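A.B. asks: Which chain is which? The protein sequence lines are A and B, in order. FYI, the numbering used here numbers position 200 of the first sequence as 200, with every residue one higher than the one before it. FYI, the numbering used here numbers position 108 of the second sequence as 1108, with every residue one higher than the one before it.
For the record, the hints were derived by calculation from the structure and aren't laboratory data. No experiment lies behind these values; they were computed from the predicted model shown. Take the hints with a grain of salt, since some may be wrong.
Stated by the list, open to error - Taking lysine-lysine and the DSBU-like style, the derived pairs with C-alpha atoms no more than 35 Å apart in a straight line are:
{"no.": "1", "chain 1": "B", "residue 1": "Lys1175", "chain 2": "B", "residue 2": "Lys1153"}
{"no.": "2", "chain 1": "B", "residue 1": "Lys1129", "chain 2": "B", "residue 2": "Lys1080"}
{"no.": "3", "chain 1": "B", "residue 1": "Lys1153", "chain 2": "A", "residue 2": "Lys263"}
{"no.": "4", "chain 1": "B", "residue 1": "Lys1129", "chain 2": "B", "residue 2": "Lys1175"}
{"no.": "5", "chain 1": "B", "residue 1": "Lys1080", "chain 2": "A", "residue 2": "Lys96"}
{"no.": "6", "chain 1": "A", "residue 1": "Lys331", "chain 2": "A", "residue 2": "Lys75"}
{"no.": "7", "chain 1": "B", "residue 1": "Lys1153", "chain 2": "B", "residue 2": "Lys1080"}
{"no.": "8", "chain 1": "A", "residue 1": "Lys263", "chain 2": "B", "residue 2": "Lys1080"}
{"no.": "9", "chain 1": "A", "residue 1": "Lys263", "chain 2": "A", "residue 2": "Lys331"}
Stated by the list, open to error - Cβ-to-Cβ under 7 Å is the rule here; a few derived chain A residues that face chain B:
{"no.": "10", "residue": "Ala54"}
{"no.": "11", "residue": "Arg139"}
{"no.": "12", "residue": "Tyr177"}
{"no.": "13", "residue": "Ala179"}
The beta-carbon is built from N, C-alpha and C at its ideal position, and this holds for glycine as well.
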Amino acid sequence: MGLLSDPNRRKALTGLLTRLNTPICIVCYLAGIVWFMGLAFEPFTLRTYMSENAMGSTMVEERFSSGERALSLAKEFDPPSACCGLNGMPVEWLVKAMQSRGLEVFTQSFSRKLPFPDENKERYMVRGTNVYGILRAPRAPRTEALVITAPCSPGNTNNQAVALLLALAQYFRNQIYWAKDIIFLVNEHDLIGTQAWLEGYHHTNITGMEYSPLQGRAGSIQAALSLELSSDVITSLDLVLEGLNGQLPNLDLANLFYAFCQKLGVLCTIQGKLQRNDWDTAEGYTHAAQTMMLMVLKQACGRSWGDHGLFLRYHIEAASVRGINSFRHYKTDATTIGRLLEGMVRKLNNLLERLHQSYFFYLLPSLSRFVSIGYYMPAFGLLAVILLLRALDLWVHLGAPALAAVDGVTEPSSPGVLTVLTPVVISHLTGVALYLLPVHLQEMAVEHFPVSETEAVVLTAIAIYTAGLALPHNTQRLLSGEGTEQGWKVLKLTALLYLAVLLGCTALINFSLGFILAVTLVPITASITPHMPKALYAVVMVLLSPAFTILYCVFIYQELIEAPVSVSEGWMLFLSVISQGILDHALYGSLVYPLLALFIYPCWLMFWNILFWN
Amino acid sequence: MELREFINFPGLTFPGLKITLLKPDIFFKQWYSWYSKIHSSHLESPLEVFHNHVYRLGIPDSHIVLMLADDMACNYRNPKPATVFSHKNMELNVYGDDVEVDYRGYEVTVENFLRVLTGRLPPSTPRSKRLLSDDRSNILIYLTGHGGNGFLKFQDSEEISNMELADAFEQMWQKRRYNELLFIIDTCQGASMYERFYSPNLMALASSQVGEDSLSHQPDLGIGVHLMDKYTFYLLEFLEEVHPASQANMNDLFKVCPQSQCVSTPGHRTDLFQRDPGSVLITDFFGSVRKVEITKDTINLTSPVEPPIKRSGSSDIQIESLTYVDQLPVAEIIHQKPKQKDWHPPDGFILGLWTLILLVFFQTYGIKHLKHIF
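So here's chain A without its partners, still in its complex pose (with noise of 0.2 Å):
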């Protein structure tokens, strides 16, 4: 007979099963977190490549000569009166300057009414005009394009990358090799601005914007590159990745900006940290690790962290080149920013396909370390062995006492999916409340308490997560199955499948996302019973709950980026993340603040009730 369908073997299984089970679970908790933090130890790592034969192993030779120019046009474009900040964008001038430059300029206006006032970027009412030049390639059709994107806000003129765009298009309309439109967009209000064009480009309208449609267009893109400078003088570049959902670009873009790197020599960083080579020191392990879990919570946290992050959405490969100014010895000119734009657009001329033959998935410790999605997964996958494990385990009990009712006791037998049923609906109903009702009731809130309305959405989300914990002890009547204990089985089984699948699916899209929740949820969910110290474990749960778990990734995250905070400003910090994930989610569609809300929280909620049943 089979392994399980022998019942001797299958009882020897189980009850190995039951024995083992909290060891068992105890070292693949302690394995898979030991497993991700070895990921940066560099002899884990793999080297990266160039994967795509297309873009090949030779380098062109660069002949952009027009940097000083470049610079000298920036203070063209940013004199005081026609700054962003007073009359927005000087529309007028870029096009003109655009038009003298032999492309085809157009403009496009949005305008947006956020759900509530961004206070970070002080804006609620946002109005706006994109421009964009196309540089038609003389001999192809017009069916594919690249887009070289810099972005121009109130507080952030970018007048260098402007100029730089427009005198790489001066440079770029004078050859013959371009086989791909090429449009230079600069966009206004940042996401808000890339977001409209993207939609009138594609002829979508996923976040209701209104925004006028575009004149023009250049066939599908292939590869867009953001580009930040933020002063004349530069010295050293930063590339950012990490796009909306935690969503990154194929890894060869990031090969292909590594390699010009080195071939120019500029000094390349990722996350703002530069290469070490000292791997075998403890420094340099940390230095890698840090650069990893940097990464990690930017790509948890769901935002764009680029201009760029919008474009990955319509599987446009891109990424954000930002200048950074550090005040070092060695500085890089305007000209060799230039040659390396030029080499990296000539590259993807070059590509006859988009980008698809390196890793989609992937962490990089350092540029020219990665971690691909077999090596990570592993560590999310003893996460979620645990869930299973005990999730069996219960399977197992409750399936037992069918054997012990033999000797006459008229206990009903199980007790059936009705009474899961109601902490489920009502946990979930807690979590739509979280959901719609931080936005919808800012009115009310703000009539009636002395807070503007982005301190309004937040305390009432807040507010409403709090008022969940209370939730065990007013429902706990409208229970049936109040006080068995195949009652609490049960919920904590259906529980445990839910939270795994959810943190399964999450951890696919976004890695980052499922691995943080599932550290710290696994522990208590999987150890929690009605049968523990309340007080305690209660302490305990609310520390671990998705809500703290966010705060201490605040923390970690500002010790992480060298700008530690106290305990007051982190939570400022906290507060105002969680009003820019509800903005993110509102304005671009964002995943994480409504998978906390309806999903995660309400998981968690069901393990609140199991904790408080009786």
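Mind docking chain B on chain A? Use the hints.
C.D. replies: Relative to the frame of chain A, chain B by itself:
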């Protein structure tokens, strides 16, 4: 040898003025050399340079079948359109004015290549796309691209295996489509492609052994791609010194690009070849060299050619008359009579449709109504 003796030499036939020779050391040689090149998926294009050498040595374009999968000259990324250079100094435009590409782009497939070799082409295929060789032709085949152990890549989606190639050559041998065939391949692990040959009169050269990669020679920084493979580069350098009257033989060709220059070890195979490689001239394959001796004597062709002497006592053995395969059935193309259309029974779709109509008919009117009809 006098011309009279020559004409009376047994075994000569004169149909259509093609001279069939049974002994190889007659001074009057008329070789039709065929040169078929396939350029699968490399961005380099050494074959145009080959084309120049082969052209120079006497093979006309009508005897060259050129298959190019990538259009480099007219690619949008070419900074100098309609030109292809073999060296980064850009001294020689190998694309020129007179390159005739017979199979281009997506027409370069394994099927088309094998059809060209075996001659199984549809009647409408033009002459320029056919290999119109016969059993006195020497054929040179040059392949380059990406390959591996036992295969050559076509177009990113197909491969031709060494077994397929060996079988194609055997078909060619059985259909008498070649006299001798020289096969040159410049890919990674190229030697694996000639391992399986089993037809006679085949000689093969490869740029690398099994397990080795063939490397590119030099990059062009203007475009960002490599121009040519090492083996081909040195092969072409060798061919520069070959002129129509040169006596260089195959042994010299085997010495081209030793490991010190090429990093990979070139290989060759001569066991199927019936002549000694040292006696085979390069121009036998790469050029169309005709040795002509001019004589001022006149010859009187008065007596008809005597029929071949019948062997005695074997009247029941039929000597079948040899005919050439009708490679270009012109009669079929030009004087096509309208074919009688045979009557076919209706196929599934029509049957199904009629069944449906009948079913609906009976459904509506019911079986019992039928008796009113009948």
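A.B. asks: Could you run down the list of hints and mark each one as holding or not?
C.D. replies: Consistency of the hints with the structure:
no., hint, result
1, B:Lys1175 <-> B:Lys1153, "27 Å, holds"
2, B:Lys1129 <-> B:Lys1080, "29 Å, holds"
3, B:Lys1153 <-> A:Lys263, "32 Å, holds"
4, B:Lys1129 <-> B:Lys1175, "19 Å, holds"
5, B:Lys1080 <-> A:Lys96, "31 Å, holds"
6, A:Lys331 <-> A:Lys75, "20 Å, holds"
7, B:Lys1153 <-> B:Lys1080, "28 Å, holds"
8, A:Lys263 <-> B:Lys1080, "26 Å, holds"
9, A:Lys263 <-> A:Lys331, "16 Å, holds"
10, Ala54, "9 Å, violated"
11, Arg139, "5 Å, holds"
12, Tyr177, "5 Å, holds"
13, Ala179, "4 Å, holds"
When held up to the earlier numbered hints, the structure conflicts with hint 10 and nothing else.
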